[in-house]
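The lines below spell out each chain.
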Amino acid sequence: MYAQAFFVAVFGLAAIGFGVVVFRTSSMVRSALALLFSQTAVGCMFLAMQTEFLGVLQIMMMATEMSIMAIFMVMFMMDPGGLGGMDMSHQKRFSIGAGVSAAIVAIAVALLSDWGPAAEQVPDAEAQTRALGVELLGRSMMIFETAGITILTAMIAATAVAIPVKNLAGKDDKEASE
Amino acid sequence: MTVVLIVALLTGAILFGIGLYGALSQTNLVMIMMGVELMLAGAMVNLVAFWRFLHPEVYSGQMFVLVVMTVMALEMAVGFGVAIARFRAKGSVEMEEAEDLKG
Chain C
1 MYAQAFFVAV FGLAAIGFGV VVFRTSSMVR SALALLFSQT AVGCMFLAMQ TEFLGVLQIM
61 MMATEMSIMA IFMVMFMMDP GGLGGMDMSH QKRFSIGAGV SAAIVAIAVA LLSDWGPAAE
121 QVPDAEAQTR ALGVELLGRS MMIFETAGIT ILTAMIAATA VAIPVKNLAG KDDKEASE
Chain A
1 MTVVLIVALL TGAILFGIGL YGALSQTNLV MIMMGVELML AGAMVNLVAF WRFLHPEVYS
61 GQMFVLVVMT VMALEMAVGF GVAIARFRAK GSVEMEEAED LKG
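Chains as they are written, first to last, in this note's numbering: chain C, 1 to 178; chain A, 1 to 103.
For the record, the hints were derived by calculation from the structure and aren't laboratory data. Incorrect hints may appear among the rest.
[Said to hold, decoys possible] In silico SDA-like links for lysine to any residue, alpha-carbon gap of 20 Å or less:
| hint | chain 1 | residue 1 | chain 2 | residue 2 |
| --- | --- | --- | --- | --- |
| 1 | C | LYS166 | A | LYS90 |
| 2 | C | LYS166 | A | LYS102 |
| 3 | A | LYS102 | C | VAL161 |
I would like the entire structure built from these sequences, with the hints used as guidance.
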């Protein structure tokens, strides 16, 4: 029990620490790597909370996602290496106020609510994965399928937005003049 | 055992606060997306903690985490699509220069 509390706290502190580094470092690659470490620490928290399947999924997904993000950061940032010491932030005071206020409200809810008795035991990893599979292909199948279709639609939409627009009207004019 | 729940909820709350700060303060679209990712990570920590310590017999809790992970992937896909379109059109993904998107 104490070991679980210790590991959840350690990984929680790591997630928060790396989360802060994301917006503190001037190098964009370091930012992406800090976010990767933060998300991995969140995955390790899942593992420490005996949610093995989701923990492994989180670590695998975020490793891929943040690697892609690092590439995009280098492609699109004005100062990817952070050597110019550029400040790419605005409305700092308002942002800090909003972030701190949101965190304080959430902390107050966490501390002041009566959460009731905590469950002592959870099914082992194999039973959990099996039960989640039954849930996904049973009662929650429509939600799962909807999520799948939605992500496919978003991928097609994102590709459609990203490809260059062909000027068909101009092409017709050119053909007509020829 | 409730101590672990509280520790997880505090972590989720602080991650959400950091993410909100990032999403509001950054001028670059990719950095704004990073802030949103941190906010969603905070939400996922809370969901897993609620499932583990309050209702470990109801697997809809884990299902909900899968849906949030899908939302994270969606946000990345759409965000990068918008970033590429914006970069092609204007040569920059700085949101302070996106005033022309105003209706």
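Subject >> LYS166(C) paired with LYS90(A) [C-alpha distance capped at 20 Å] >> reply: holds (17 Å)
Original post:
Holds or violated: are the alpha carbons of LYS102(A) and VAL161(C) at most 20 Å from each other?
Top reply: The given pair, whose Cα atoms are some 18 Å apart, holds under the 20 Å limit.
Original post:
Is the Cα-Cα distance between LYS166(C) and LYS102(A) 20 Å or less?
Top reply: violated (24 Å)
Violation of the numbered hints given earlier is confined to hint 2; every other hint is satisfied by the structure.
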